[in-house]
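**Student:** Numbering (UniProt numbering), first residue to last: 1 to 409.
The hints are simulated quantities; they were obtained by calculation from the structure and are not laboratory data. Model, not experiment: these values are computed from the prediction. Virtual Cβ for every residue (Gly too), placed ideally from N, Cα, C.
Listed next, with one range per pair, are the computed distances between beta-carbon atoms:
1. N42 <-> G240: 41 to 49 Å
2. I228 <-> P65: 53 to 61 Å
3. F118 <-> D286: 45 to 53 Å
4. Y69 <-> L126: 26 to 34 Å
5. S26 <-> I95: 40 to 48 Å
6. L220 <-> P65: 56 to 64 Å
7. S339 <-> K205: 32 to 40 Å
8. D286 <-> L126: 34 to 42 Å
Mimicking EDC-like on lysine to aspartate or glutamate, the simulated pairs with C-alpha atoms at most 16 Å apart in a straight line are:
9. K341 <-> D286
10. K177 <-> D187
11. K404 <-> D288
12. K341 <-> D288
13. K79 <-> E41
14. K390 <-> D199
15. K378 <-> E363
16. K390 <-> D286
17. K390 <-> D283
18. K360 <-> D199
19. K332 <-> E36
20. K393 <-> E284
21. K227 <-> E182
22. K45 <-> E60
23. K401 <-> D283
24. K401 <-> E284
25. K390 <-> E363
26. K341 <-> D283
27. K341 <-> E284
28. K390 <-> D290
29. K177 <-> D188
30. K380 <-> E363
31. K381 <-> E363
32. K332 <-> E30
33. K177 <-> E217
34. K360 <-> D202
35. K177 <-> E233
36. K380 <-> D361
37. K404 <-> E182
38. K393 <-> D288
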Amino acid sequence: MENQGIARYQSRGDSSNTSGSQDNQSQIDEQISILEALNDENNEKFQPTVFTSWDQEDLERLPGPLYQYILEPYIQWGKGVVRRPTDVVFLTHIILYLATSVPSAIILYNRFSLIHGFCHWIMQALYCGPFTLMLHNHIHNNGVLVKKYAWLDKTFPYLLEPLMGHTLHSYYYHHIKCHHVEGNGPDDLSSTLRYQRDDIVDFLKYWGRFMFFIWLELPLYFFRTNKIRLACEVLFWEVGSYVGMYVMARLNFWPTLFVLLIPFMQMRIGLMVGNWGQHALVDEIDPDSDYRSSIVLIDVASNRNCFNDGWHTAHHLNPLRHWRDQPLSYLKGKHNYDSGKALVFQNIDYIMMFVKLMQKDYEHLAGCLVPTGENIGKSKKELADMLRTKTRKFTEEDIQKKFKCKKTS
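Using the sequences plus the hints, can you model the full thing?
**Tutor:** Right, dumping it as structure tokens:
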């Protein structure tokens, strides 16, 4: 849950010329207090997230018997199932997916119809973003449920990952063991550095490399970094997933097309579009900085639906930070974001960021930029020109200079 009040505050306060004033600091302190209370289970103002679309006050407006006898008992039970009482929403999503995606897939294999196939695809398309970001929390924290429900915590990814388009365990190996180790640097297999990041041809090269060669490149990366066990594991799971899809397609093609193959293609596109949007604007002076190699998105619906995924800079600064603490960490470290020249945008998600980059519509992006630090007071054209410099392809010579302390591939 992204607090919409804080998003509105940031879009006002950060773009003003009073940044750092006493009044502005008072507003920041007030917002910090509000967020700390909402996240503290021992505070009377604490609110768990139960659904991504509705907050606690929305739920309390439901008919009395519905809230009192169904929803409130579910919330109380759910707080004992998830590791953090804030995260009842994860249990809600697990139940939702197991109750819809799995039965739908089973029915398709037993009694296929084209209409059902398309409806299933649309449902999975709506699910894949929230599921992936729930999985993101799962892999960073080695689970989301308490030990009593470890059986569910460990098994639901095996059921749901293939249905959502993931190959088994590949997100964990690629994201945790490669991306966060390398941090969009030259050895990161999803690094955007070597691509012109407002060019569709370069994006297709980027996507094609991931789509067709990650099964080989990721094991080779682990071999190069002397992580032999990881190399063998990822090769087994990745190739095993491909073999599984092939066998299922040979046995029953049409259900497999809608249940496994289309979601797989959709997810592979979505992952690369998302990562491109997160790491397209890279500082030409200091590309190795977490503040300057990723972005922050505020006041956007995807933060609510995808567990504050827009706070990507905050996530790279501390990958283990809880998703509801991301706005709080920004406010507490706002001076560091300003001095680190972090880029903050409002009212735009990663998909539209990608679209506008492909259109080279830097004026639109400048309009979404929340000016901070030295960017306060600049014209829209000046901001657009500044953003244009952040998408330029790095040459191998550039990489050698900027990442001289790292071994480059």
